[in-house]
Amino acid sequence: MQIKPILSALRRHKAGTILIALQIALTLAIVCNALFIVHERVDKVNRTTGMDERNLIAIGNDYVGAPETFAPLMKSDLQTLRSLPGVVDAYVTNAYPLRQGGWSTGVQTDPDSKKEGISTALYFGDDHALKTLGVRLVAGRNFNAGETQVVKREQQPGAPQIIITKALADKVFPDGNALGKVVYMAKGKPSTIIGIVEKLTSPWIENNYVDGDYVVIMPVIFDSSFQNFLVRTQPGQEDAVFKAIPPALYGANRMRVLPEKLGVRRFEDVRARAYEADRGMAILMSVVCGVLLAITAAGIVGLSSFWVGQRRKQIGVRRALGARRSDILSYFMTENFLIALVGVIVGVVLAVGLSQWMFTHFEMKRLSLTYVAIGVVALLALGQAAVFAPALRASRVSPVEATRSV
Amino acid sequence: MFSYYLQLGLRSLRRNPVLTGLMVMAIGFGVAASMTTYSVFRATSQDPIPQKSSQLYNTQLDNWGPDKIEKGEPPPALTYKDATALLRAHKAKRQTVTYPIGVSVIPDNPSRLPVREGAYATGADFFPMFDVPFLQGTGWTLDDDEKHASVVVIAKSLNDKLFDGGQSVGKQLNIDGHLYRITGVIKDWAPQPLFFDVPNTGGFDEGAQVYVPFTRAVDLKLPNAGNNSCVEEPGEGWDNYLRSECIWLSLWSELPSKAEADSYRQYIEGYAAEQQHAGRFRWAPNTKVRDVMTWLDVRHVVPKESQVSLIVSLGFLVICLVNTVGLLLAKFMRRAPEIGVRRALGASRKDIYAQFLIEAGTIGVAGGVLGLILTGVGILGVGLVFPEPVARLARLDPVLILLTLIVAIVASLIAAFYPTWRAAQVQPAWQLKSN
Amino acid sequence: MLKMTHLAKVYRTEVVETYALRDFNIDVKEGEFVAVTGPSGSGKTTFLTIAGLLETFTGGQYHLDGVEVSQLDDNARSRIRNEKIGFIFQAFNLIPDLNVFDNVEVPLRYRGMKAAERKQRIMDALERVGLASRAKHYPAELSGGQQQRVAIARALAGSPRLLLADEPTGNLDTQMARGVMELLEEIHREGATIVMVTHDPELAARAQRNVHVIDGQVVDLSEEPRFHTQPHVALS
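Protein chains in written order, with this note's numbering: chain U, 741 to 1146; chain R, 219 to 653; chain G, 45 to 280.
Treat the hints loosely; a few may be bogus.
Unchecked claim - With a straight-line cut-off of 25 Å between C-alpha atoms, the simulated DSS-like cross-links for lysine-lysine are:
no.: 1; chain 1: U; residue 1: K871; chain 2: U; residue 2: K983
no.: 2; chain 1: R; residue 1: K286; chain 2: U; residue 2: K929
no.: 3; chain 1: U; residue 1: K1001; chain 2: U; residue 2: K784
no.: 4; chain 1: R; residue 1: K379; chain 2: U; residue 2: K1001
It is worth saying that the hints were derived from the structure and are not from the lab.
In isolation and in its complexed conformation, chain U is listed as follows (with noise of 0.2 Å):
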């Protein structure tokens, strides 16, 4: 395949060769940044919370009224939702993973010390926590019933006894061994870590407030009127829970408010909700890159089809001095290769640079190169698919045009 000719014809049709090229590089740059935006949402929202999310149901309770105390309140809520048909234990808390809201505190292992500590996720519970949740322990033991205890409003929790997850032991005891040892969230209130569960992220998804699977569950339940109740049911009988857990509720205790949209949700909606703004992204990053592909598609078929139509002639003459049908269908396709080729590489370093401006305006992560190496394959491929068409119908000129004089 003569490769000099070709590149000689092109250069007398410099603009339709810049315009597919530069078409290629631009589709190029914003395909491969779109398709890697789609990746990193989609790992995103696959990250596992470390609990069993199915039949799973979340309360957000408000109480009405200002009594002295909430406790009694709440130890009868859970009474009625433990002993509702199909469900299998419930607790209450202040936050749990997905939620989107919640309290987040300072680890030390110094009681005395000044710093900062450890930036982590605190989660209320009791000793049914652990089975609602669908958490595993990997070392120690659940909390016993008699530990839990009322925290007032005013006061600062701060547990004799706490679990937590093995990303948090790993942090503050590098070298193992976390279980038994004593750390501190309040001044002058030690708590010594009993158990150390599998996995469990923070109810954040972004880490603005916690910087990594750092969670303490606390043995308090927490006297205020917002609370919320975590509900795990048998396996097939989420539904029904779902639709009693309201009436069920207000029937026995009317002074409160069960928000619209907040108020009784199944997990896998906590779930979507949280992950909304990273789905909705992955959405339109992938409808961009669909139709950007099929209008460049369309684009280099309407161009290459009105090259084939100017150089008719041309191909008559070739046909009569001896070229076959193949000498000219694989003429137009390479023709088409080397402009591809071309605008892949101005592509690639256009690719390169949007994605440092991406990182440093918007704090996104820098493109991988597999994603280049794919998005010129694919573009390439494109390329060529487009032009098979006109150049197919190239071949079939007949050699008699090459007398045609019009």
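Please arrange chains R and G on chain U, whose structure you already have, making use of the hints.
Positioned in the frame of chain U, the structure of chains R and G alone reads:
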């Protein structure tokens, strides 16, 4: 001549419907993508209170120290100590201290369930400062603030729910067991972004239905339903909380002139310096007094997603334009013989320019119409891509419609530039030498 | 009317310099019917395109209707083409998208004429060439001779002072060709100046005078008004 060229243009477009369709679609999609994401971007970055945004200021001061804050940015809210001290100093035309409270309203009718709505504890100046529109009655007075009066302002939706939308000024409202007298009913008011409470809402929220005096809320120890950040333990109890360095209050001031703003800034610096001298702060004053738009910018209220998608869409539009340039080039140059004839018959280059630019313009109009329809669809579908509070704001209003059409036409004219230039360069002689 | 003195046209590529016309001299008076003849590649078509201001020239002078044209800008040249010159091409060069009426209308549109006047002139021109009944037809629906006549109507509609024809019968059969030539002679009789390029000696004979072009230069045969036929030699 314009209508002549228009006729010619339309005729030419009809001749090759596939090519025309391709170009119209390219422009339509490109414009639609850009306009849809722009509508979201515009909604999230607009001035929520344009008539006053340069007169309203948020106050920040660093009460944690430079090693506890990031990049020299003071905490986003104030402590109780500082907020109330600055309020008492009366250094601005109007001021208010605000925090969100989590309260439930208990209806009179015992068969109705209690409702929880967004609620704020704030000052009497809140309503005139922010031009909050009233349907009935008025806000409460500064005197009511002084007296810690048990009054409340509610919004239309709540009024509809509880009182069937009737006259409710003077009626009593039971909030968590305490009675408050309604002084006024406002429209459902939620400027987007919710500039006065960005630290707690992220900027896009439905707004509150209940407003009570700050002084009364503190009396009743109504807990803060917003963000609470403390660098050291506040100690136990409400009083310790009020004395602590925990930040949870927003202080907004109305300073109509630049001079007043400057003197207010000086006062705040002076106040922080005082605290340093008194030993409370062991660092130099670090204060910020920012107007609405600056504050929104610093807090990055415009979601990253909406910026990124706007940029990607614009890139998409550029690619569609490049595509259109190629297709127009093909379309125009295919008619080189016709151009040659017209030139021979007396058309000047300008005439050729006019003819083909107008033809490109008609593609722009068609692309614009398609783009408009797709933008409408896009805005309906925005909820699939952006979170609800932001998606709600994207709207197809007359300005956006006009902008869509203009962008489409301008884009197609820009794309037509090079192809038209090539067309005008066609030498009449080349085309007519048939031997 | 049309006067060229020492006109030259050079085509330069990177490697080669080609003189399409060199020291070309011609003087066509108003009302003349001149045929420009010569072999292929002699430059007669180049002469015509320069005469019609379709191309620029590299040397010499060209006065059209008293005006020296080399200093004119594109707008001025376009206007002269539009108002003073009528073209008839070998390949008809009708615009396929437009019907007969619209094709004839094209030059009138560039003159900024009002619709009523345009219509009048178009119908008159079509009458002249005998195609008024086909005004709504498209070029594809007409025979070669009819298309050429439409092209002539187009050339005439603007009442040009000078008609330039390039092999006007080249693509027509004998009968159609005869019809076209008769039309041209009629137009000449009515006072038009016609310069016709042809390589057909029979056609050239019907003109008033012939100008012969070889290798870009004029070999003036104006003293011989008629082409000699070979004397009949009787063989006994």
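Hints and how they fare:
1. K871(U) / K983(U): 22 Å, holds
2. K286(R) / K929(U): The hint holds at about 23 Å.
3. K1001(U) / K784(U): 24 Å, holds
4. K379(R) / K1001(U): Between K379(R) and K1001(U) the Cα gap is close to 17 Å, so the pair holds against 25 Å.
Violation of the numbered hints given earlier is absent; every hint is satisfied by the structure.
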